[in-house]
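Asker: These protein sequences, in sequence, are chains A and B. Start counting the first sequence at 36; every next residue gets the next number (our numbering). Start counting the second sequence at 2; every next residue gets the next number (our numbering).
By construction, these hints were calculated from the structure, which means they are not laboratory data. Note that this is a predicted model, so its numbers are computed, not measured. Hints may contain errors.
Computed footprint of chain B on chain A; a stretch qualifies when at least three of its residues, placed anywhere within it, have a C-beta under 8 angstroms from a C-beta of chain B [claimed, not checked]: (1) 38 to 50; (2) 68 to 76.
Distance condition first, Cα-Cα at most 30 angstroms in a straight line; then the derived DSS-like pairs of lysine-lysine [claimed, not checked]: (3) A:LYS118 with B:LYS68; (4) A:LYS69 with B:LYS6; (5) A:LYS421 with A:LYS454; (6) A:LYS94 with B:LYS31.
DEER-style ranges, computed between Cβ atoms [as the list claims (entries may be wrong)]: (7) A:ASP205 with B:ASP87: 40 to 50 angstroms; (8) A:ASN99 with B:ASP87: 27 to 37 angstroms; (9) B:ASP105 with A:SER131: 20 to 30 angstroms; (10) A:GLY140 with B:ALA54: 17 to 27 angstroms; (11) A:GLY144 with B:SER39: 40 to 50 angstroms; (12) A:ILE197 with B:LEU27: 54 to 64 angstroms; (13) B:ILE24 with A:ASP205: 39 to 49 angstroms; (14) A:SER67 with B:GLY40: 39 to 49 angstroms; (15) A:ASP397 with B:ILE24: 55 to 65 angstroms; (16) B:SER39 with A:PRO51: 27 to 37 angstroms; (17) B:ASP87 with A:THR495: 50 to 60 angstroms.
Heads up, the beta-carbon is just placed ideally off N, CA and C, and yes, glycines get one too.
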Amino acid sequence: MEFINMRVLSDPHSIPVAQAAVASVAELCGISRKDISKLEIALEEAMINIITFGFPDQKDAYFNVSVDISGMDFEIIIHDKGKPYDFENVGDDLSSSAGIKLMRGLTDGIIFKNLGGKGREQHLIKHLTALPSYTKSPQEEEVCELENLEFDIHPLRKNEAIEMSQCVYDEFGYTYPSELVYYPEQYYEACQRHDYFSLVATAPNGEIAGHLALIFSPHFPGIAEMGIGVVKKKFRNYSLMSKLTNEIIKIAENDFKLNALTAQPVVYHPYTQKICNKTNFTACGFVLHYLNYDLVTTYDDVGDRGNVAVAFRLFNDELKEIYVPDEIRELVSFIISLSNLKRNISDGSLPPEGSLSEVITDINQRMKIGKVFIEHAGSDIHSALKNSLLATKREKCAVVELFINMSDACAPYAYEKAKEFDYFCTGILPCTQNGDYLTMQCLLSDIVDYDSLHTIEPFTTLISHVRKLDPNEG
Amino acid sequence: MNIAKLSKGDSLLVSVGGRLDTITHLDFEKELDAILSSGDIAGVTNMVLDFAALEYISSAGLRSLLKLQKDLNSRNIALIISNPNDLVIDVLSITGIDQLIKVDT
Chain A
36 MEFINMRVLS
46 DPHSIPVAQA
56 AVASVAELCG
66 ISRKDISKLE
76 IALEEAMINI
86 ITFGFPDQKD
96 AYFNVSVDIS
106 GMDFEIIIHD
116 KGKPYDFENV
126 GDDLSSSAGI
136 KLMRGLTDGI
146 IFKNLGGKGR
156 EQHLIKHLTA
166 LPSYTKSPQE
176 EEVCELENLE
186 FDIHPLRKNE
196 AIEMSQCVYD
206 EFGYTYPSEL
216 VYYPEQYYEA
226 CQRHDYFSLV
236 ATAPNGEIAG
246 HLALIFSPHF
256 PGIAEMGIGV
266 VKKKFRNYSL
276 MSKLTNEIIK
286 IAENDFKLNA
296 LTAQPVVYHP
306 YTQKICNKTN
316 FTACGFVLHY
326 LNYDLVTTYD
336 DVGDRGNVAV
346 AFRLFNDELK
356 EIYVPDEIRE
366 LVSFIISLSN
376 LKRNISDGSL
386 PPEGSLSEVI
396 TDINQRMKIG
406 KVFIEHAGSD
416 IHSALKNSLL
426 ATKREKCAVV
436 ELFINMSDAC
446 APYAYEKAKE
456 FDYFCTGILP
466 CTQNGDYLTM
476 QCLLSDIVDY
486 DSLHTIEPFT
496 TLISHVRKLD
506 PNEG
Chain B
2 MNIAKLSKGD
12 SLLVSVGGRL
22 DTITHLDFEK
32 ELDAILSSGD
42 IAGVTNMVLD
52 FAALEYISSA
62 GLRSLLKLQK
72 DLNSRNIALI
82 ISNPNDLVID
92 VLSITGIDQL
102 IKVDT
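Starting from the given sequences, assemble the full structure and let the hints guide the process.
Answerer: This is the structure in C-alpha cells:
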C-alpha cells in the first residue's frame, strides 16, 4: 500500500523535507529512532545521487519519493526520469563508493530498477518487526445474525438510489464500467427509460442489503447483462445474491421476454464460474484486459486491467443460419454444443464489389475501451476497420472489442480482414434480436498472461481456443 | 551544525554538533579551513574532532573528513575522531573510514 508520494524539487534542500515525511511514516510503523536515522541517511544518499547525476544542470527538475508498506516491508521508492546513470557501479575509491555502501549497510535491502523510458527507481527496504497498528483490519461491521430475516425485493425506488450507489462504490470502487451507477439521480432516470432494470433487497428497517441489475445495450436488443451485483457484508449469511439472481432471471424471461441473459464471471478465482455452471449459464467467451475489481478510489483511476469471462443463459431460441469462419468453427461448435443453441453453420461469401459496410464505433473514454459493431461487411470493410481502430487509438483506448454479426454472409470475410489488424476471436455473443455476434478483441497496450487465469470447465477449454488464436501468443 | 574549538597542549580539540550532511558539509569545511589558516594550528600535532554532539553524518560529511585529513597530513597533524554515537560509528565502519581515520570511542 502506498502511504505517501511526494514530488520533490531536485535540490539538496528537499532532502530534509523528504526525510521528515518519511521519518513520520516510519515512526507510525514502529521503526526505532535509530533505524529511522539510518533510513534518513540512506534516503539522503539516494536523493543526492539523482540531484548530482540525474539532473546535474537542471534547477527546476522534479523526482518522486514515496513510501510503500506491503506485508512486513517498509519501502522507500525514489523514482526519477533524469540522465541515465549506473548508480551501482561507481569508482572503487572510498569517496565515490561511500554513498552506495551506506545505502546497502544501513537498510535491509536496496533494489535499483532501470525502467527504460520510464526512468529509474531506487528502492530502500526496511523489514518491519511488527505490523503498524493502523494496518490492523478495521473492526468488522457487525454481522446480522437474526434468523429468518425477511428481505423485501423490489425495483429500485428514487429515494434508494444514493444508498445503492454507495453500496456499489464500497464493493467496486470506481471500476464499474457502467459509470452512470455513480450518479444516483441519472441512474434512476436511466432505469425509468429502461436502460437499466435495478432490483434491490431491503432489510426490515429499510436499509439496502443487496442489489442486482439488468443492463441493456442499444446494440444488442433482445438480451441484457446481469450485473452490478452487490450484497453488504453484514447480510452475507442469507443467500441474498442467490435470491436476487433467481428473481432477476424470472423478470428477464417473463417480464422483459428476453432471448437470453449474460453474466461476466471473473477469472482471477473460479467461484463465480461455478455459480454460472450451477445456474445454467453457458460459457461463450471472454473480455480480456477489461478492468479489475481491486478498490479504486478516484474516479479517473481505472486501475490495472484484468480479464472476465462471458456466459449466457438461454430463454428463447429459434433455428438460425450463421456464417462462421473456418478457423473458429471448432470454438463456435463447442459453445453451441454446451448450450443447445439451434444453429446451422455456413461458409459465407465475399461482399459484392462497391458494397458498403455498416460499422458503428463506440468509445468509453473513462475506461479507455472501444467497441466496434459490424452489422454488415461490404467491400470497404478493410478501410472501415482501419478508420474505427484509428479512432480508438486517438482516444488512447487500451482495448478494442469487435462484434461481427454472424447472420451476415460476409462475416467470415470481415473476420479475415479484422485479423490483419491483430484482432483475435474471444467467443460469441448469441441470441440478440439482430443475430449472434462473433466477438473479437485487439489489445493495444498489453498482452494477456493466460497462465495466471483461474478457470474451470468449460471456461478452461474455451480459453485454450482463444489463446491459440491470440497473435501475441506467437 | 555548530563548531567550537579548544586548544589543549599540542592537541586542538574541535567539537562538532548537529548534522554533517549534504547541506552543512560546506560550512564545516569553511570553518575548518578558517581554523587551519589561523594561528591556533601552530605547534599542534593532533586535531581531535569531538563528535559527542554530532547526531548524523552522511557521505558528504565523510568526504569533508577525508579532505580535512589530507590537509592535515600535509601539515603532519594527525586527525582523531572521538566520542562518536552508535549511528556515526556504524557509518564510519560501513564505509571503512574507521580504517583511515583513528576513532576513539
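Asker: Against each hint, give a clear statement of whether it holds in the structure.
Answerer: Now for the hints, and whether the structure bears them out:
1. 38 to 50: holds (count 3)
2. 68 to 76: This one holds; 5 residues, not fewer than the three required, reach chain B with a Cβ under 8 angstroms.
3. A:LYS118 with B:LYS68: Holds. LYS118 of chain A to LYS68 of chain B sits at ~28 angstroms (cutoff 30 angstroms).
4. A:LYS69 with B:LYS6: holds (28 angstroms)
5. A:LYS421 with A:LYS454: Distance ~11 angstroms between LYS421 of chain A and LYS454 of chain A Cα, so the pair holds.
6. A:LYS94 with B:LYS31: Holds. LYS94 of chain A to LYS31 of chain B sits at ~24 angstroms (cutoff 30 angstroms).
7. A:ASP205 with B:ASP87: 40 to 50 angstroms: Since the Cβ atoms of ASP205 of chain A and ASP87 of chain B sit about 48 angstroms apart, the hinted range of 40 to 50 angstroms holds.
8. A:ASN99 with B:ASP87: 27 to 37 angstroms: holds (31 angstroms)
9. B:ASP105 with A:SER131: 20 to 30 angstroms: The hinted range 20 to 30 angstroms holds for ASP105 of chain B and SER131 of chain A, with Cβ atoms some 27 angstroms apart.
10. A:GLY140 with B:ALA54: 17 to 27 angstroms: Given a distance of about 24 angstroms, which is inside 17 to 27 angstroms, the answer is holds.
11. A:GLY144 with B:SER39: 40 to 50 angstroms: Between GLY144 of chain A and SER39 of chain B, where Cβ atoms are some 46 angstroms apart, the hint holds.
12. A:ILE197 with B:LEU27: 54 to 64 angstroms: Given a distance of about 60 angstroms, which is inside 54 to 64 angstroms, the answer is holds.
13. B:ILE24 with A:ASP205: 39 to 49 angstroms: Roughly 47 angstroms apart at Cβ, these two residues keep to the hinted range, so it holds.
14. A:SER67 with B:GLY40: 39 to 49 angstroms: For SER67 of chain A and GLY40 of chain B the Cβ distance comes to about 45 angstroms; the hint holds.
15. A:ASP397 with B:ILE24: 55 to 65 angstroms: holds (56 angstroms)
16. B:SER39 with A:PRO51: 27 to 37 angstroms: holds (31 angstroms)
17. B:ASP87 with A:THR495: 50 to 60 angstroms: holds (59 angstroms)
Hint check: no violations occur; every hint is consistent with the structure.
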